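K.L.:
In case you want the letters, here they are:
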Amino acid sequence: MASVPTAAAQSLPVEPSEGGLGEKLRGVLGYMRRNPPLIVGLVLLLSLLLFCGIGALVYDLNRARPLSVPPGLPPAADYPFGTDNQGRDLFAVMVAGTPLTLRIGLMAGFIGLFVGTVLAFVSAYYGGLIDTIIRGVVDIGLTVPGLLVMIIIAIAVKGNLSVEQMALVVACLAWLYPTRTIRSQVLSMRERAYVQVARLSGMSGPEIIVKEMLPNLLPYLLASLVGATASAVLASIGLEALGLGPLESPTIGMTLYWVIYYSALLLGMWWWFIPPIVIIIILFVGLFNLSVGLDELANPRLRRSV
Amino acid sequence: MANSTVNNGAKPDILRVEGLRVYYDTPRGSVKAVDGISFALKAEERFGLAGESGSGKSSMALAVMRMIKPPGRIAHGGVWLDSRNVLALPEEQMQRLRLAEIALIAQGSMNSLNPVMRVRDQIIDGFRDHDLLLPRREMEARIHELLERVGLRPDVADMFPHELSGGMKQRVCIAIAISLRPKVIIADEPTSALDVVVQRQVMETLRKVQEDLGASVILVGHDMGLMAQFVDRLGIMYAGKLVEVSPVADIFTTPRHPYTQMLIASLPSLEEKGEFRGIPGLPPSLLDVPPGCAFHPRCPHAMDRCGTEEPLMKEVQPSSWAACHLL
Amino acid sequence: MRADYVLKRFGIFLIIVWAAATLNFFLPRLSPQNPVREKLTQQALSGGYLQSGIQEMVKEYEAKFGLDKPLWAQYLNYWDDLVHFQFNYSIVSYPRTVLSMMGEALPWTIGLLGVTTLLAFLIGTFLGALMGWPGAPKFISNYLLPPLLTLSAIPYYVLGLVLLYVFAFQAKIFPIFGGYAAGVIPNWSSLAFWWDVAQHALLPALSIILAAIGFWALGMRAMMVTTQGEDYMIFAEAKGLKGSTLFLRYAVRNALLPQVTSLALQLGHILSGAVLVEIVFSFPGIGTMLYQAIRANDYFVTQGIILGVITSIGIATFILDLIYPILDPRITYRRA
Amino acid sequence: MTETAQSALLEARHVTKIFGGGLFDKTRTIALEDFSMAIESEPPSITAVVGESGSGKTTLARLLLGLADSTSGEVLYKGKNLRRMSGDDWRSFRRDVQVIFQDPFEVYNPFYKVDHVLTTPVEKFNLAKSKQESRALVEDVLHTVGLRPEETLGRYPHQLSGGQRQRVMVARALILKPRLIVADEPVSMIDASLRATVLGSLKQLNQDFGISIIYITHDLTTAYQISDNIIVLYRGSVAEVGDVELVVRQPQHPYTRLLVGSIPLPDPERRWAAEAPAALSVKRVDGRRCKFVDRCPSATDVCLTGVPALFQTNSYRAAACFLYQGSPVLKAEEMDRVFVEAPERRGVRRPDADGGRAAATG
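Protein chains in written order, with the working numbering: chain X, 28 to 333; chain A, 18 to 344; chain D, 112 to 447; chain E, 12 to 373.
Derived from the structure by calculation, the hints contain no laboratory data. Being a predicted model, the structure only gives us computed values, none of them experimental. Glycine residues also receive a C-beta, built at the ideal position from the N, C-alpha and C atoms. A portion of the hints provided could be inaccurate.
[Stated by the list, open to error] Every beta carbon over 12 Å from chain D, so not counted as near; a handful from chain A, in silico:
no., residue
1, LYS28
2, LYS59
3, ALA60
4, ALA92
5, GLU157
6, PRO178
7, GLU228
8, HIS239
9, ALA282
10, GLU288
11, ALA319
12, LYS331
13, SER336
[Unchecked claim] Derived lysine-lysine pairs resembling DSBU-like cross-links, with alpha carbons at most 30 Å apart:
no., chain 1, residue 1, chain 2, residue 2
14, A, LYS225, A, LYS200
15, E, LYS214, A, LYS290
16, E, LYS188, E, LYS135
17, D, LYS249, A, LYS200
18, E, LYS91, E, LYS342
19, A, LYS200, A, LYS28
20, E, LYS140, E, LYS124
21, E, LYS89, E, LYS135
22, E, LYS91, E, LYS135
23, E, LYS89, E, LYS188
24, E, LYS188, A, LYS290
25, X, LYS238, E, LYS135
26, X, LYS238, E, LYS142
27, A, LYS200, A, LYS86
28, E, LYS214, X, LYS238
29, E, LYS214, E, LYS89
30, E, LYS214, E, LYS91
31, A, LYS59, A, LYS225
32, E, LYS140, E, LYS188
33, D, LYS249, A, LYS86
34, A, LYS28, A, LYS331
35, D, LYS353, A, LYS86
36, D, LYS180, D, LYS170
37, E, LYS124, E, LYS135
38, E, LYS124, E, LYS188
39, X, LYS238, E, LYS188
40, E, LYS342, E, LYS188
Given the sequences, and given the hints that come with them, work out the whole structure.
P.N.:
Below is the structure:
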């Protein structure tokens, strides 16, 4: 079998085309067709952004505040998503809250990925005691239920959290998983002969990381960012639903908190909980597909698996 | 090519391969890994199939076992064992035929055994799935006998693969391969991961069990030295085709095909030092094999005809066959 | 199994408990607020106590809870209590102890989580194994996989809310909240009570199982595909083994190993999700208790639950670590 | 030669490398044990280091290249310890000592075209003042190793064959005009018909450019073809050392005999001798005795008493075996005394094989 998989493997990875821009574009489109999760993910997330963007332009977001509209109304022409018990316009809440939730996720995701990447490189590159410590902390940190640790943190810093503080709380644990996965990637890459050749060609350590390793890691880092963002959103919504979030901000998680707090379900106020649920589903399914798509891009061996 | 089936000597043919083609479908077209190969294997014969990477030799081995997986497929041809066409058997019969009549010693001796099963159970599995399970004591005796036959101590049966050295693992594979006394053993690069000393021991073990059993062996590989040491008759593959089939002594003394000639000349020896004679040019991609004779772009004797007309196998002298327009 | 492997795993378990307990102790104390004082002040105000008495009361309570001593003494004290399973009293439900409250809630959570995790793992792994096997029916990959994958992306509790609304509120097939019908006195020797519990547990369980199956199926499928590329699969097929032998004893057996590793890593994650499911269904487990404690600022209960749960997860991981070498004979030889 | 040891280009002194053996790690492997060797740049020679897997040959390569640190002992570049060298010394070390790795695919970063491995050293060592000059330099070395630049540059590694890729690596090493190249199994992953071209390129580096080569391999045949001197390693220790003609054609150490006897010669008339080779060894030999004793057909009680020193059986060879304990002992750091200098440079009379054997037995 030695010969054939090589031939097949050569045809599969993202072939660097030597043609012009049009050909490259066609190549990208052709690739997208072979990677449906990427398209599904992008379409879902873009439509969510579109909803928020257009909504913010045409709708009065002040109505997301409590007592700004009559409470407890079902959807109608004036209030397309209805209003909640405390007099918030739920359409405005969704338009204003989705970007807030995304912001928490992205901030924590970025911080987590950045810290994780740095630690992963430090750990994998220097090895020894530093590596043992970092690996130990990560392995132990990952077995512990993250939500509970964040609860301790959130309670400790309690007061009224801002959206940014919320992101920081979530970021406290967001670096664990990226550190673990990126470390193993760096570790295997460090042993690659091309890294050693680069060293023998006179490249310095940082230069090798930037020029030889990072380019190959990029698709992987992108997939990790999406994964870290999704985890952060999940964690933030969880904390918020427990009442440990930014009480004054109309985020998706806080909306769920109020839903549970006021037992909207038992009151039959379906319009109160269906919008956040739908947005959560679109958001997570979008992020999930995007990360699967990017994973496939980063690790073409999985392609055409079955 | 069908008439090129090589036959000579008194021993009957045990396995015949006729016009076999194995294609792998890729987005860029069909990779013709095996492209019309015919040969016959005689009883108790050791036959070698030599080729460099990309010559299709491993696909050839898997095709005879009918183990080509998608995107690969057997596009054409027949593999006749006695009077049955192996390629036309129903799947269940094919399953029973493997190991019982044709056994494979696969490439990658380091990982050919299931890492989480003891050697004993891996041997027994073969018996069980051929409905040949013996009473416990007899089974145990059979396992001991098999292990001893390949030069291993009986307590190896209780070990896991990771407790064995590379050479021991490959001996276990040989023990499994001969457990049902097959007529044909296909050994695909059986020693590619082993050191020379162990390689010699494993090859001699293989020769010994082959002679004990009276089985035939097809040795697939790239190492011409190993071929010279082990086989009776040798087929040289280039770009998915056989270019020459001759008794092994003839191949090394009077190679007929220019590719064989250059391949033999490129081999380093302990006789003379100095000259490094490689074959200029590159082996073709199996996606895009040159028309006519696949070797013509690298051949010093190429004529106009070679680029257009595919040479057929000819019997150059009794039992020596080659496919070249020069002959 | 070698003793040093077991010892090392046990050491890791101890480190987990130590780290969790220490965080649990120090983090709240770093905060500028004093939870006890805050809570008492709140209670005093709502109860209409006189301002003047509060200071003394706080003092009295602080002495009772040991909050007036220096930090290191508190820390030692804290460990002394932990080692003796003294988790303090609940501030809200004083004089009930945290331990007794947890003792009531923990079995519910372990029951729900244990059953659902095991079921989801088994079903998901089995489906994944079939999806990654060329001989298996195609409808699993084509029709079962996409919805399962979609569900796996959604948080458990969101799925729980949907199920609750559709099956409990609208269709009224299942009860809406609780672990058993309101007003019933738990009686585990009565079959009727078990039936009642089962009805109440079904929706929470379903929301965890449905959302988790996809995760396990996806992981198993990928491992099956990897496994089929291994040399031992080629050799096993050449041994003339039957499809079922190849599937079970060679492919699934090996693909299972990373799944078990993954199970150990996912326990914490699953639990985080399950906590919120309990809250959505007002299931009488640890999650609901935690939610109420957080809402009521019952800080000792919160602490106790978090520590108790992390310890439980640590034990579960330790058990999985002990099982793993039985599945994979190589493990003690690799870096143990 | 020994008096120049002070300023040898590269020197290993009593180098030992042990893997594992940490706090939680019970698997301790001695990859290389008390190895000493000085490599002079003049006259340029080719020294083969031959061994099976686990012999420590790749560890040796990594130590000599400064890619790994030894557990004890030191590696010196022009008399300076690699571990304590200044940045300038490192730059000069990198220029003087270059590498060719085993896998001609792995050495290429899949993100870049083939050009990358050639232009990086040019940039890093300021070998060219302009883009054109750099291009000319690259094309020049490609021509030297027999590649056509227009068929090589601008391509991705997977678009070239294994032989082409490895020759590009030879060109890369050449571009720095090093004085020593460590070639770690450079042809083991290349097809036989293309192997000769790579070996030819290596030989050319040695003859035309005066570059010394350490040729690390498991393959005695190619080692014999290309090298002047040979070091046979067994489980981290030197088993036999000397002139390649002598060592390969009349091996003295039982291990070398076993190795030579196991080579599958491409000659059906000369098949493996009938007698069975030494048994497979399962357990590792521990303690202070000959490492080969468990597999050795000539083992006697003396082999259990200690580790055999290198016995110099004639002026061009030595073997670490008690069979030759009558011969003078060669200290580990004097191993290179038995090396012949490249004959075509010095015109030194080459010891003819029979004379060598007579001296050994005498």
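K.L.:
So which of the earlier hints does this model not fit?
P.N.:
Hints 6, 17, 28 and 40 are the ones this structure does not satisfy, whereas the remaining hints hold.
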